[in-house]
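**Q** Please construct the entire structure, taking both the sequences and the accompanying hints into account.
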Amino acid sequence: MAVDSPLAPAGTPRFRLMATKPNQEQIVLLITIALVTAFGLTLNGFATLTNLLNLLRSISILGILGLGMGLIVISRGIDLSEVAIMAGPWAIALIKIQQGMPIGWACLLALGLAIVIGIVNGVMVAFVEAPALFVTLAAGFVIYGLAFWFAPAYVVYAPTDAPALLFLGAGRVFGIPVPILVFAAAAIAMQLFLSLTSVGRFIYAQGDNPEAARLSGIALRPLIMLEYVLVALLAWTAGLVWIGTTGSMQMQITQSTMIFDVVLVVVIGGISLVGGRGSVFSVVVGCILIGTLLNAFTIMDVNSEVQNIIKGIVLLGAIVLDNWLHPRDEETARQGD
Amino acid sequence: MIIGRMWTAAVIGLALAVPPLMVSAQEEGGTKTARELRSAYDKALQGKTIAFLPIALNVPLMDEWTRVVKEEAEWRGMKFVVRDPNNNPSAMQQALTALVDQKPDVLIVQNPSVTLLMKELKRAESQGTYVVQINMSSNYKSSAFVGADWHEVGKILAQDVVKQCGTGSGKSGKVQIVQGELAAAASVDQVGGVMEVLNKDPAIKVVSNQAANWDANTALNITATVIQQHPDLCASIGFWGIMESGAAQAIRNAGKINDVKVHASGEGSQLDCDQVNQGNFYKFLSYKATEQGHDLMMAAQTLLESGEKPGARNLEYYTQPLWIDKTNANGGNCYALPKK
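Those protein sequences? They're chains A and B, same order as listed.
All residue numbers for the first sequence refer to this note's numbering, where the first residue is 1 and numbers rise by one.
All residue numbers for the second sequence refer to this note's numbering, where the first residue is 1 and numbers rise by one.
Keep in mind that the hints were calculated from the coordinates and are not lab data.
A hint or two may mislead.
Unchecked claim - Chain A is nowhere near these chain B residues, computed Cβ spacing over 12 Å in every case: (1) D42; (2) A56; (3) T97; (4) T115; (5) K163; (6) G168; (7) P202; (8) N217; (9) A250; (10) G307; (11) E308; (12) Q320.
What the hints assert, rightly or not - Computed cross-link-like contacts, DSS-like style, restricted to lysine-lysine with a CA-CA straight-line distance of at most 30 Å: (13) B:K155 - B:K141; (14) A:K96 - B:K70; (15) B:K119 - B:K141; (16) B:K205 - A:K311.
Using N, Cα and C, we set each Cβ at its ideal position, and we do this for glycine too.
**A** The following block contains the structure:
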């Protein structure tokens with residue numbers, strides 16, 4: 001403390017400089033608006049209502065997963081098993097439906113499995129105090145293996161005569177595809193939870209400085225458990241939308257780069273990997289940016305190698321921006337204990 | 001009529017009387033030859049080990065190969081070993097090294113790339129193991145290759161698309177291609193064959209040529225945009241049934257499933273036939289996994305019976321692709337998925 005005091009005058013202008021820097025969400029929002037305008041003017045068929053609905057529908061699953069990942073990254077954690085939680089329990093549930101289990105029970109089974117995985121992840125991170133990165137990476141492999149054990153199929157099909165099961169993915173309300181509405185509802189609920197409830201504020205406090213949060217009386221361990229269970233719930237919801245959209249569940253997606261797309265939309269939108277920063281709006285903006293790029297690439301028929309290059313550069317740019325806006329220092333670089 | 005009936009009665013009577021006579025005739029000489037042949041056959045095959053290394057199990061295609069080869073090998077008194085590297089190239093290399101060290105008599109390998117497993121395959125043949133490559137070959141020419149000729153599959157797909165959408169069809173000529181992975185040989189060779197044919201017809205325009213990485217959801221997202229950009233799309237070509245079902249769903253969602261001719265190639269399981277029968281696929285080009293499984297066993301058997309040095313010859317067993325549409329998407333043309 002004594003060492004700090006001579007530096008205090010210097011700290012004030014630095015703080016002012018930080019305040020004048022634009023927020024990452026705002027930058028990304030501006031870039032997105034610029035891109036949408038540019039594509040709208042130059043690309044035939046981009047700025048039509050059907051295309052924009054298409055664009056939003058194509059990012060809704062990513063967005064729902066992104067909300068969960070956003071939550072956990074705000075708390076300074078990460079969950080690399082999220083895509084596996086989406087696929088594994090649902091693959092098992094669909095196999096059970098094929099074997100004759102009533103659809104309602106199968107959905108509850110998937111829900112139960114997802115929650116159990118969330119609890120296990122939470123216990124490993126909160127009580128065993130293993131790093132979230134490795135716990136969830138390992139959990140992803142375990143889920144993949146176990147799901148294959150119970151449901152050994154590359155792709156499991158949903159029954160085609162179950163409108164209730166497929167509604168969230170395939171339905172339309174007033175012409176709007178339901179996945180968009182699910183994403184919107186989940187985003188609003190998450191925003192209200194994070195900004196209006198004390199538990200939501202605690203999550204920010206934990207991400208900002210876990211030690212300080214604990215010293216101020218927040219029960220960190222139950223909080224961490226809750227966060228991992230919430231991620232699992234969102235993954236379950238995303239799975240329900242996925243099944244409605246494709247009529248099936250493919251375990252192979254857990255082995256694909258999809259989980260990195262989820263991290264991508266979260267980080268681009270300004271949810272900093274050092275925790276405590278960003279909001280639901282960041283996820284929405286990040287998703288819309290990625291969705292806009294993918295949609296425009298498809299219209300322009302750019303091949304997926306080039307798409308990957310651009311996606312990688314966008315991610316790098318976001319991380320550099322994050323580093324510039326939130327430089328790591330002694331205080332924020334310390335991982336929570 | 002009466003004479004006709006008498007003839008029938010006579011033929012039936014003879015048919016009933018002849019078998020006992022034939023049996024006695026066989027015991028004289030026929031069965032001896034048959035037994036000698038069978039014992040030579042058994043000597044060549046019985047107790048031999050046949051090892052199988054696919055890219056992954058639990059995929060309809062590889063599961064069917066495994067089922068057929070295992071069943072046929074066991075009937076011949078052969079030992080069957082299978083390893084599942086689960087899409088992991090380094091696990092596959094390790095599994096192959098371990099398998100080669102066990103010196104099986106025949107080794108069936110599905111190559112993920114043309115170079116990855118080359119060295120080990122060469123080593124296997126030099127130590128006396130026959131190597132049979134299935135569907136995806138490597139740069140090493142081993143004793144046998146069984147599988148589809150991807151270039152040909154692509155050409156056959158495109159020829160039908162040209163018939164539906166090309167000059168004189170009165171259609172827009174707009175075609176979408178949904179590739180698997182850009183780097184996968186199955187995708188590269190099929191797209192080569194497709195383009196070779198499509199480029200010859202000036203009426204055909206490829207409006208989208210994208211990779212969906214074998215994933216139905218990605219195919220759906222791409223196709224949803226393509227069909228809305230090009231409502232007069234004439235055909236969609238996809239390089240795998242399960243992936244292309246996503247594209248078909250996007251076209252169905254857009255209300256165009258009766259206008260757009262959805263073409264796909266694949267192994268021909270019940271899943272593919274369901275898509276044809278539900279009207280999602282206009283036509284499906286099957287390379288018949290069941291038959292390929294049988295061909296694998298034929299290749300292994302031929303090599304073992306020949307007794308030649310591994311690598312002395314390169315036998316080829318190409319699979320004849322079969323068009324499946326609503327008229328024949330049933331019975332033996334669609335193999336059932338194994339019960340889980």
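**Q** None of the hints should be skipped; say for each whether it holds.
**A** Okay, the hints, checked on the actual structure:
1. D42: holds, 34 Å
2. A56: violated, 8 Å
3. T97: holds, 23 Å
4. T115: holds, 19 Å
5. K163: holds, 24 Å
6. G168: About 26 Å separates G168 of chain B from the closest Cβ of chain A, which puts it past 12 Å; holds.
7. P202: holds, 19 Å
8. N217: Answer for N217 of chain B: violated, closest chain A Cβ roughly 5 Å.
9. A250: Nearest chain A Cβ is 9 Å from A250 of chain B, so the label is violated.
10. G307: Since the minimum Cβ distance to chain A is about 38 Å, G307 of chain B lies beyond 12 Å and the statement holds.
11. E308: For E308 of chain B, whose nearest Cβ neighbour in chain A is about 37 Å away, the distance exceeds 12 Å, so it holds.
12. Q320: At about 25 Å from chain A, Q320 of chain B clears the 12 Å cut-off, so the statement holds.
13. B:K155 - B:K141: holds, 24 Å
14. A:K96 - B:K70: Roughly 28 Å separates the two Cα atoms, so the pair holds.
15. B:K119 - B:K141: holds, 11 Å
16. B:K205 - A:K311: Satisfied, since the Cα-Cα distance of roughly 28 Å is no more than 30 Å.
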